[in-house]
Amino acid sequence: MIFVCGSTIGSIQIASYFGNLRALLILRSRIASILFGLGIIAASISWFFLSEDRNINDTVGGLDANSQAVGFFVGALIGTLLTLIISSIINFDLKPSNINKNIGGLDLLRKQNYFLAIKDEYLVFRNDWKVYLTKQYTDLPKNIIHELVKGIIVKFR
Amino acid sequence: MLSLDEKILFALNDLNGKYQSLDKIITWTVSDYLIPVCLCLALIFMWFVGHNQSTRYRYQLGVFAALAAMAISSGVSQLISALIERPRPFITHDLVVLFYKPTDFSFPSNPVAACFGIAAVVSTFNKKLGLSMFLFVGILAFSRVYVGVHYPSDVIMGAIIGILSIIPVYLLRKIMEPMPTCFIKIARIFRLA
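Sequence lines, in order, name chains A and B. If you read the first sequence in my numbering, its first letter stands for residue 1, the second for the next number, and so on. If you read the second sequence in my numbering, its first letter stands for residue 1001, the second for the next number, and so on.
A few of these clues could be false.
Stated by the list, open to error - As a list, the in silico DSSO-like pairs of lysine-lysine whose alpha-carbon atoms are at most 30 angstroms apart:
no.	chain 1	residue 1	chain 2	residue 2
1	A	Lys95	A	Lys130
2	B	Lys1024	A	Lys150
3	A	Lys130	B	Lys1185
Stated by the list, open to error - Simulated DEER-style distance windows between Cβ atoms:
no.	chain 1	residue 1	chain 2	residue 2	range
4	B	Asp1005	A	Gly71	29 to 39 angstroms
5	B	Leu1083	A	Asp120	54 to 64 angstroms
6	A	Ile89	B	Ile1091	47 to 57 angstroms
7	A	Arg126	B	Cys1182	21 to 31 angstroms
8	B	Gly1075	A	Asn98	46 to 56 angstroms
9	B	Val1097	A	Lys95	57 to 67 angstroms
10	A	Lys119	B	Arg1173	48 to 58 angstroms
11	B	Gly1075	A	Asn100	22 to 32 angstroms
12	B	His1093	A	Val149	50 to 60 angstroms
13	B	Ser1054	A	Ile153	54 to 64 angstroms
14	B	Arg1173	A	Leu35	35 to 45 angstroms
15	A	Val60	B	Gln1053	25 to 35 angstroms
To be verified - Selected chain A positions facing chain B (in silico; Cβ < 8 angstroms):
no.	residue
16	Phe48
17	Ser51
18	Phe72
Since the hints were derived computationally from the structure, they do not count as laboratory data. A virtual CB, placed ideally from N, CA and C, is assigned to each residue, including glycine.
My request is simple: use the sequences and hints to build the entire structure.
Next comes the structure, spelled out in structure tokens:
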């Protein structure tokens, strides 16, 4: 799990470098960030394989496929949360005076740190949650199961 | 009379122990953790990397498609494995085995099928990333024959299953699209998509 957690932090750093998501970078310099990302992945892999023998059958104490999947999911989740927390603390001063209201999702993290982005979203929600929810979900399929069944029927008719 | 499958297996297995550094590298690359985890990390990378919302949305759908292809190819290979019941090469032949001895059947290679499924789907969304994934999965396939846990035909069949898993994913994409779209929409509210 530590291996996945470290590697996830590294891969988010590299992706943030290429996607220009400044608020997710743990180091201020973009070049340093990509080097840090590659370094933390290499360090995690080396630690994982050098610390003990990892090629163990699941019948004698190794992890089976399901446990591996759960381990990966939890490790990746912790890695993502750590990235969000650390990058928000480091980029605390990343708060623009005016933000285009049409920008949303990850694009906002080019100009604003994660905590502030979430805080702003929460304030909009608290202001008028009915309008907020209507705005967020009007373009979603009303009933996913209905859409799925309809799609299957159309496909096989 | 040896089949081509066995000739290739023996030729590769004969290399075991001759080059210590190669053996060390192979024990890493054949691991259940290294290449499969690296492919999943590449999917995390793909989730965040798009330059604008539409590119990112396309890549994020690609992540879901890759996971679906992985599940489909893994399921199909396990089904075929249960039907054919081919024993592992180290059971029928006297081989040097550098890896732990798996207790399930040999044909087709499940990890190779699952990893090829991911690489095949990703290559339809991003050629460079997909090709580098194919390279890594090729190393995994080679390693599994080298250490003596698979015949070459096992990994070739695994690769074919993985690549063909694109077809059901492509056919089902319109039907299944509302689910990942809903997930991406929720992730966008939390500034994660």
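Quiz item: Looking at the structure, which of the earlier hints fail to hold?
Solution: 2, 10, 11, 13, 15 and 17
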